[in-house]
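Asker: Now for the letters of each chain:
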Amino acid sequence: MTSAAAAQLGQMLLVLALAPALTGVTRKMKARLQRRIGPPIFQPYRDLRRLFNKDVVLAENSSWLFRVAPYVIFATTWVAAALVPTFQTGLLFSWAGDLIAIVALLGAARFVQAVAALDTGTSFGGIGVSREAMIASLAEPAMIMVVFTVALVAGSTQLSTIAAFMADAGGLRVSLAMALVALIIVALAENARIPVDNPSTHLEVTMVHEAMVLEYSGRHLAMIEWATSLKLLLYISVIACIFFPFGLIRDGAGLLAHAISLAAYLVKVIVASLLLATLETAIAKMRVFRVPNLLGIALMLGLLGTLLLFVSGGM
Amino acid sequence: MPTVLACIAGLFGVSALSLILIRQRAAAPIVYGACLAISLALCAIAVLSIGQAPSQTVLPLGLPWLGAHFRLDPLACAFLAIINFGGASASLYALGYGRHEAEPRRVLPFYPAFLAAMNLVVVAADAYSFLFAWELMSLASWALVMAHHRQAKTAYAGFVYLIMASLGTFALLFAFGLLAGAHGDYTFEAIRAHHLAPGLAGLALVLAVVGAGSKAGLVPLHVWLPLAHPAAPSHVSALMSGVMTKVAIYAFIRIAFDLMGTPAWWWSLPALLLGGVTAAIGVLYALMETDLKRVLAYSTIENVGIIFIAAGLALAFKASGYAGAAALALTAALFHGLNHMLFKSTLFFGAGTVIVATGKQDMEQLGGLIHRMPVSSAAFLAASMAISALPPFNGFASEWLIFQSILVSPQLPQMGLKLLVPAIGVLLALAAAFAAACFVRAFGTTYLGRVRTDAAAKAIEADRWSLAAMLICAALCLAVGVLPGIVIDWLQPAATALVAGHMPPQASIPWLSIVPVSASRSSYNGLLLFGFVVASASLAAMTVHRFASRTVRRAPFWDCGYPGLGVVAQYSATSLAQPIRRVFATVAFAAQEQVEMPPPGDKRPAVLRRFLRDPVWDFMYAPIASAVGTSATLLNHIQFLTIRRYLSFVFVALVFLLVFLALWG
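Residue numbers (numbering that gives the first Met the number 0), protein chains in the order written: chain A, 0 to 314; chain B, 0 to 664.
Hints are computed from structural coordinates only; laboratory data are not their basis.
Quick reminder that beta carbons are idealized off the backbone N, C-alpha and C, glycines included.
A portion of the hints provided could be inaccurate.
Said to hold, decoys possible - Okay, the calculated bits of chain B under chain A, using three or more residues with CB under 8 Å as the criterion: (1) 90-96; (2) 363-373; (3) 408-421; (4) 426-434; (5) 543-556; (6) 574-583.
Stated by the list, open to error - Here are the computed distance ranges between Cβ atoms for each label pair: (7) B:Gly-260 to A:Arg-249: 23 to 33 Å; (8) A:Leu-8 to B:Ser-517: 25 to 35 Å; (9) B:Ser-548 to A:Leu-278: 58 to 68 Å; (10) A:Gln-33 to B:Ser-517: 44 to 54 Å; (11) A:Ser-199 to B:Arg-608: 34 to 44 Å; (12) A:Ala-16 to B:Pro-555: 34 to 44 Å.
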C-alpha cells in the first residue's frame, strides 16, 4: 500500500517534471535535423518560468470560464497522465480509471479548452474549435477502437493489467500491429503534431491548437503549455507501456530494478522523441481537409484489429 | 400498488381541478405544485419498492370481461422513478417558467394528464390498459405541443406528430394482437404464457420496434420528434425528450424481454442496427441545426439510439445464455435512460430560460449570455459535459458500461453478431465524439462569445424556481457520475427480473468503484477521479497564485490589427460545424456549399449558401406523402356517388369479408 502510494506520487511528479524536457528534446532534435543549433533542451522550463512571472492579459469580454479553464485542463491532463504506468505498474490508483477513462479525461480537457476558446468571441478561437472538433470526431473513435483491440488481446481495459500481460505473454499479432499504427496516427493528431497540425506555426490558415489558445497569456498560457507537453508524454507512455513494455517493473521490486526500469523508460521516451522529430522533419503538414483521410485510416485499422479479434474468439 | 394508482388518480384529479381554476391567477402554481408533490411521492415509492416482490391490482375498468390490470414490478419501478423524477423537476421548473406562459389554459389541464398517462403506461399489465394509457399519453402530449398554436411551425409539427403517433399505436396494437394469439387473452400474464412461432415472433418484434421506436425517435421513424419536442413549452419539451422517450423504451423492453419469452439471437438485430444508425445520424443532424431546442431534440434521438444499442446487446447476450453480460448491458441501458432524463431536462430547462430571457431560440441570434445568466449557464455547461460522456459526469459512467458490454461480446457464438458488434462500437464512439462537438457548439454559440443581438444583450437571469430545478438536475448529473455504484445496485432487481443474471454487487467493492464484470478486467471510480481533478486543479491554482504573478490586465482581444470588427466576424453555429459538415454531411445529407461572388467592381456582398438534404425525408416520407396525395386525388370522385352505388359498395365489401371468413375458417 505504502509502496504503491509512493509509486503513484513519484510517477505523478516524474511526469510533471519530465514533460517540458520532452518538448525541449524534441525541439532540439528537430533543429539539429534541420541543421540549426536550436534552443537548449531546458528552454521550455525557462519559458514556463517566464510565463509564470508575466501579467495575465485578459480579453475584455472574457468570463470566469476563461480563467478557470487552464487549471482544469492542466489538472485533467495531469490526472490522466498519472493513471498511465511509466516505469512501474502497481500504481495505487490505476484501478480508478481504465484506458477508456483516460481517453475520456483527455476528451474532457479538450472540451474545456474548446469552450474557453469560444469565450472571447474571436474568429481565431472559432476556427481552432471547428477544426479541432472535426479532428477529434475521428481521432476519438479511432482511439476507442485501439483500446478495444488492446483490451480484447489482454482481457482487460486496465492499463496496468494490459502492460503486465504484454510484458509476460504479448507476442506478435496482426491486430496489435494495426492497433499500433492507428495509435501512432491518433497520437500525432491528438498532440497537434505534423502532419495534422504544426506546433510551431502561427499562420491562421493552418493552425488548430494554437488558434484555440491564442488569447491566453501569462500563467494561464503556462498551464496550457505544460498540459500540452504532459499530453505528449502521456501518449508516448501509453504506446511504450502497451507495445514496448520491457523494463516495466511490478510493485515491490528492489532499488536497482527501479533504477534500471527508470533508465529504460527514459530511453524509450528519448527514442520516441527522436522518431517524432525525424517524422516531423521528413513529412509536410497536410491540408486541413486531408486530415480526415489519415484519421479514417486509423479508424479503419482499429476497426479491422477489433474485428479480427472478434472473429477469432476474443476474450 | 394502491398508493401508486391513487397518486395517478390524483394527477387526473389535478387535471380536472385545473379546468375549474382555469380563470384564476393562482391556477399555475396550484397545478404545478400539486404535480410536484405527487411526482415526488411516486418517485419515492418507486425508489423504495424496486427490490420488493411484484404486486398486482385488478380494477373493474376498461373492457367488461377483461378489467384493468396493473402491476408494479422492478422494471416498472425503474421507469416510474425516471418518469416521476423528470415530472417533479419539470413541475418545479414550471413553477417559475409557467408564469411566462401566454395562454396557460392550453397547458395546465393537459400537463397533469400527460404525467398521469405516462405513469399509467408503465404500471399497466394488460394490453388494453397499456394501449389506452399509451394513446392518452400521445394525445395529452399532442395537446401540449399545440399550446403555442399560433406559431406557424406548430401546426405542422402537431400534424406530423399526430400521424406518427397513430402509426406507432397502430403497430403496437397489432404487436399485442399477435402476442396474445387467436384466443385473445390480453392480460400480460396470458401473453407471457403464450409462445409464438419464430416467424410470427419476428413480425411481432418488428411491429414492437416500429411502435415503440416511432415514439422513442428511432431513425427513420424520428421525423416528428425534432418538430414536436421543440414546439412545446420548454418544461413539456423536457418531459417529452427526457421522459416520454423512456416510456417508449420501456414498451420495447417490456415486449422484447418480458412478454415475448425466450429470445432468439436475431431479435437483437433490429435494436442494434437501428440503434447504431440512430446514435450516429441523430447527433449529426443536431450538428447541422441552429435552433437550440431542435439541437436538443436531435440529441435525444442520439441518446435513444445509444439506449437501443445497449438493449440490443442485452437481448443478444440473453439469447445466448450469458446472463451476467445481459444484466450488464441491460443495466447500462436503464442507467443511460436515467442519466439522459437528468441532463436532457437540465438542457431543455436552460433553453427555456434563454427563450424567456431573450425571446430567441436561434443560436445565431444569441451569444454572450454567460455574463448575463451566470447560474443557468453553469448548469447548462455541466449538463453539456454530461451528455458528451465526459468524466466525472453521469453520461460517461453509463456509456462506459456500454463499452464494457461491447468488450464482452466476442463470446457471442453467432458470426453475424461478431461482425456487427464492432461496427456498432464505432458508431457509438462516433456518436460520443460528435456529441462533444455538438455541445461545445451549442454552449459556445448560446452562452459564450460576443452578444449577437440586442435581445441577447438585455437578457436577465431566470427566476429562482427555474434555477433550482436546473441546479438540482445538474448536481445530480455530477452526483450520479461520481457515485454510479449506488444507481447500478438500485437498478439490479429490474435487470435480474428480465435476464435472470446480475452484475457484481457494487456496494461490496472497496472505495466506491464500479466493476462491471471483474476487478481485473475493468473498474472505474468516478469519485476518486473527480476528487483527484479537483485537488490537483486547486493545488495548481494555489501554487501559481502563491508563487507566480497574480496580476490581471484587461485589454481588447487580438483583432489582427483590424480594429472594429463587428460581432458577425466571430464564428457562428453554422461556421463552427463547417468542417464536420464538409467531411461527414456531404455523404449523409448531400451537403453542398455554393459561393456567389460578384464580379470585380460590383459592390454587392458575396453570398455563401449551404444546401442540405434530409435523406430520410426525401427517400422515405416524401414518396409516401406524394403517394397518399395521388391516391386521394384518384379516389376523390367516389365521394360524389349516388346512394345506390354506395349500397352496392357495402354489399360487395360484405360478400368479400364473408368469402374471406369462409376461406379462413
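Asker: It remains to establish, for every hint, whether it holds in the given structure.
Answerer: Hint check results:
1. Check on the stretch 90-96 of chain B: 0 of its residues sit with their Cβ under 8 Å from a Cβ of chain A, so the three-residue criterion for coverage is violated.
2. For the stretch 363-373 of chain B, the assignment as covered by chain A holds, since 5 residues bring a beta-carbon within under 8 Å of that chain's beta-carbons and 3 suffice.
3. With a cut-off of 8 Å between beta carbons, the stretch 408-421 of chain B has 8 residues touching chain A; three or more are needed, and the interface restraint holds.
4. Look at the stretch 426-434 of chain B against chain A: 5 of its residues bring a Cβ nearer than 8 Å to a Cβ of that chain, three or more, so the hint holds.
5. Only residues whose beta carbon comes within less than 8 Å of a beta carbon in chain A count, and the stretch 543-556 of chain B has 11; three or more means the coverage holds.
6. Under a criterion of three residues with beta carbons nearer than 8 Å to beta carbons of chain A, the stated coverage of the stretch 574-583 of chain B is upheld, 9 such residues being counted.
7. Against the hinted window of 23 to 33 Å, the Cβ-Cβ separation of Gly-260 (chain B) and Arg-249 (chain A) comes to about 50 Å, which falls outside the hint.
8. The given range of 25 to 35 Å is respected by Leu-8 (chain A) and Ser-517 (chain B), whose C-beta atoms sit roughly 28 Å from each other.
9. Ser-548 (chain B) and Leu-278 (chain A) have their C-beta atoms about 37 Å apart, which leaves the hinted 58 to 68 Å range violated.
10. The hinted window of 44 to 54 Å between Gln-33 (chain A) and Ser-517 (chain B) holds, with their beta carbons roughly 51 Å apart.
11. About 37 Å separates the C-beta atoms of Ser-199 (chain A) and Arg-608 (chain B), a value consistent with the hinted range of 34 to 44 Å.
12. The hint said 34 to 44 Å for the Cβ distance between Ala-16 (chain A) and Pro-555 (chain B), and at roughly 37 Å that hint holds.
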